[in-house]
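A.B. asks: The task is simple: from the sequences and hints, build the whole structure.
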Amino acid sequence: MEKKILPLTQLPVNVRAKIIAIEGGHGFQRKLHVMGIREGQTIKIVSRQPFRGPVTITISGYQMTLGRGMAQKILVEVI
Amino acid sequence: MGNPNVGKSVVFSRLTGANVIASNYPGTTVDFSKGKMRINGEKVEIIDAPGTYSLDPTNKAEEVAAKMFEDADVIINVVDATNLERNLYLTLQLLEKDKPVIIALNLWDETKHLGIHIDEKKLEKILGVPVVPTVAITGEGIKTLVSRVKEARSPEYIKPTSDEARWIEIGSIVKKVEQFEHRHHTIVDRIADATIKPFTGIPIAAVIILFSFWVVRLIGENLITYIFDPIFYSWYKPAIMKFSTLLGSGVLHDILIGQLINGDIDFMQSMGLLTTGLYVPIGAVLPYIIAFYFTLSILEDSGYLPRLATLVDNVFHKLGMHGHGIVPVFLGLGCNVPGALATRTLETRKQRFISATLLAIAIPCMAQTAMVFGALGTYGMRYILMVFFTLGVLYIIMGLILNRFVKGESPEIFLEIPPYHRPSMKAVAKKTWMRVRWFLREAIPFLFLGVFVVNVLYAAGVLQWLGNVFSPVTETVFGLPGGASIALIMGFLRKDLAVGILLPLGMNPLQLVIAVTMLTIYFPCVATFAVLIKELGLRDMIKSTMIMIATAITVGGILKIILLGV
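Going line by line, the protein sequences match chains A and B. To convert a position in the first sequence, counted from 1, into the numbering used here, add 2. To convert a position in the second sequence, counted from 1, into the numbering used here, add 977.
Think of the hints as simulated: they come from the structure by calculation, not from any bench. Keep in mind that a hint or two might mislead.
Far from chain B, some chain A residues (derived; all Cβ distances over 10 angstroms) [to be verified]:
1) Ile21
2) Ile22
3) Pro52
Pair ranges (Cβ atoms, derived) [said to hold, decoys possible]:
4) Gly29(A) x Tyr1203(B): 34 to 40 angstroms
5) Phe1382(B) x Gly29(A): 25 to 31 angstroms
6) Arg1399(B) x Lys6(A): 39 to 45 angstroms
7) Ile1186(B) x Lys6(A): 52 to 58 angstroms
8) Val1021(B) x His28(A): 35 to 41 angstroms
9) Glu79(A) x Lys1520(B): 45 to 51 angstroms
10) Glu1158(B) x Asn16(A): 39 to 45 angstroms
11) Ala1507(B) x Gln43(A): 43 to 49 angstroms
12) Tyr1203(B) x Asn16(A): 48 to 54 angstroms
13) Glu1452(B) x Gly71(A): 34 to 40 angstroms
14) Ala1437(B) x Gly71(A): 41 to 47 angstroms
Glycine included, each C-beta is placed from N, C-alpha and C at the ideal position.
C.D. replies: Take a look at the structure:
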């Protein structure tokens, strides 16, 4: 079965996915890494604000809100 | 030290007995607090550092934390036991340095509810430093923590390494010490989710905010009716009237008691140190300060604010900030000083500049709100709403403008959403009291100074002279009598005192709307001003001040055209 890789922004709400890659600069990757958002982690969207607003995610047992632009750079695969 | 929102400040309070503000959202502590305690008969100084996710800072508060680390002798690393994996990143960074570390595994009680099992003994063995489970809020484990501080050490084998290697290490540690029980979605989770989803979250937010204001008003009014007014009117006023008669007329009477209005003391207008100077801060503003901070403390401790920040992020992003910009706004509604300090949690200079400038311009603190109600209350809610509506519109318009013209980055929101907690009434009461005490200490000296300066300047004729000089300007541009310019000068010291000057001028309600709106906008009080210079730097503060004054003049002029039709 072929698995599709999509940016986090396109992941439907409440669907579990695995982080495949994080794009963007070194500083940005670091910022996510220290929060435990990194490749291989399981991630889920809790809510998505309208008009290109931020998304709220659940990752390793806690919740986090991040901007749409950041979410765009996180590539995930539905599991 | 530790991640944001893990309870460092609560641990600190427990250790030192010192009172510091703790809340259920990241970034409550933006500066460090110091306290002293005795460990084994030795006097030591304990420092509560702002939360940070790593030793490489991304905002001003984290810079403070990184700097504190350099100066410390022993590190107490507070770790959120419910979030072990993420917290261990900072822990490993700390252990890599050559400083003795002891770990407080805080929120230990929560792990049980969440079905998380941590083998703290094993963790201690792996990390090579003492690990003490604590429940700081109840004080559990704090004694053990204190008694084991002397065992704190820097383990030899953990060497500085890369990001990747740290996470691999953490992965293997967590696998060894932590076990999860499977857990079903509870009703609390469902409510939590509902408050952050836009479809349900926005109506809930509206209800919560309106309800909060209703509660503030209810508490404030009752405090005044049943406690403050009886004290001032049935007990204090007769005594002070006797004192007035005793003094007779003269300079001393003018300064202490002020002017008698129709042969009687008017607490709002007499302008004496012991009449208006005492009544305005204590009788009129303080009850609402108590009510406001009590309500805000409940909101803070529940963990609702980060959810609200998520919901309003979109709007704030257009104003050059992000959702977390709501926190300075809320704190500023009580007093602008803590609001100004809270701008530190924003990442860039641009965001902090916009947030602080808008705060000073359009967010009325309790003293300003009291001024608005004091000046317009007798004319009805319509006029009061005009003022607040103008300020609200101004916040948005100025934000849009500043976002366009202020150079710099405004990064997107990146905010941890803590789980909901039931606020402890004891903690809420303590926090309210600390903030009230702080208000009294900050505000009252300025009030007395304000009343004193006004009386002296009045006696010397300076204010009348200024009023005459400025009257052509105030009359033609803002449609206000020349005396209103005195209130503007007065407002620099304390806005709430300006009412006493405005009321005797006999303005109509629309003129009063213009006057109080301008008073709110044109300048923050001295205390806020001083904090803003420190936060923004002198250069940016001069810019910010010019924006404030320009805005006040523009808005005054526009309001005159709209309201007075000339």
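A.B. asks: Each hint: holds or not?
C.D. replies: Structure-based check of each hint:
no.: 1; hint: Ile21; in the structure: holds (13 angstroms)
no.: 2; hint: Ile22; in the structure: holds (16 angstroms)
no.: 3; hint: Pro52; in the structure: violated (5 angstroms)
no.: 4; hint: Gly29(A) x Tyr1203(B): 34 to 40 angstroms; in the structure: violated (57 angstroms)
no.: 5; hint: Phe1382(B) x Gly29(A): 25 to 31 angstroms; in the structure: holds (26 angstroms)
no.: 6; hint: Arg1399(B) x Lys6(A): 39 to 45 angstroms; in the structure: holds (42 angstroms)
no.: 7; hint: Ile1186(B) x Lys6(A): 52 to 58 angstroms; in the structure: violated (41 angstroms)
no.: 8; hint: Val1021(B) x His28(A): 35 to 41 angstroms; in the structure: holds (39 angstroms)
no.: 9; hint: Glu79(A) x Lys1520(B): 45 to 51 angstroms; in the structure: holds (48 angstroms)
no.: 10; hint: Glu1158(B) x Asn16(A): 39 to 45 angstroms; in the structure: violated (21 angstroms)
no.: 11; hint: Ala1507(B) x Gln43(A): 43 to 49 angstroms; in the structure: holds (45 angstroms)
no.: 12; hint: Tyr1203(B) x Asn16(A): 48 to 54 angstroms; in the structure: holds (50 angstroms)
no.: 13; hint: Glu1452(B) x Gly71(A): 34 to 40 angstroms; in the structure: violated (51 angstroms)
no.: 14; hint: Ala1437(B) x Gly71(A): 41 to 47 angstroms; in the structure: violated (59 angstroms)
Checked against the numbered hints given earlier, the structure breaks hints 3, 4, 7, 10, 13 and 14 and satisfies all the rest.
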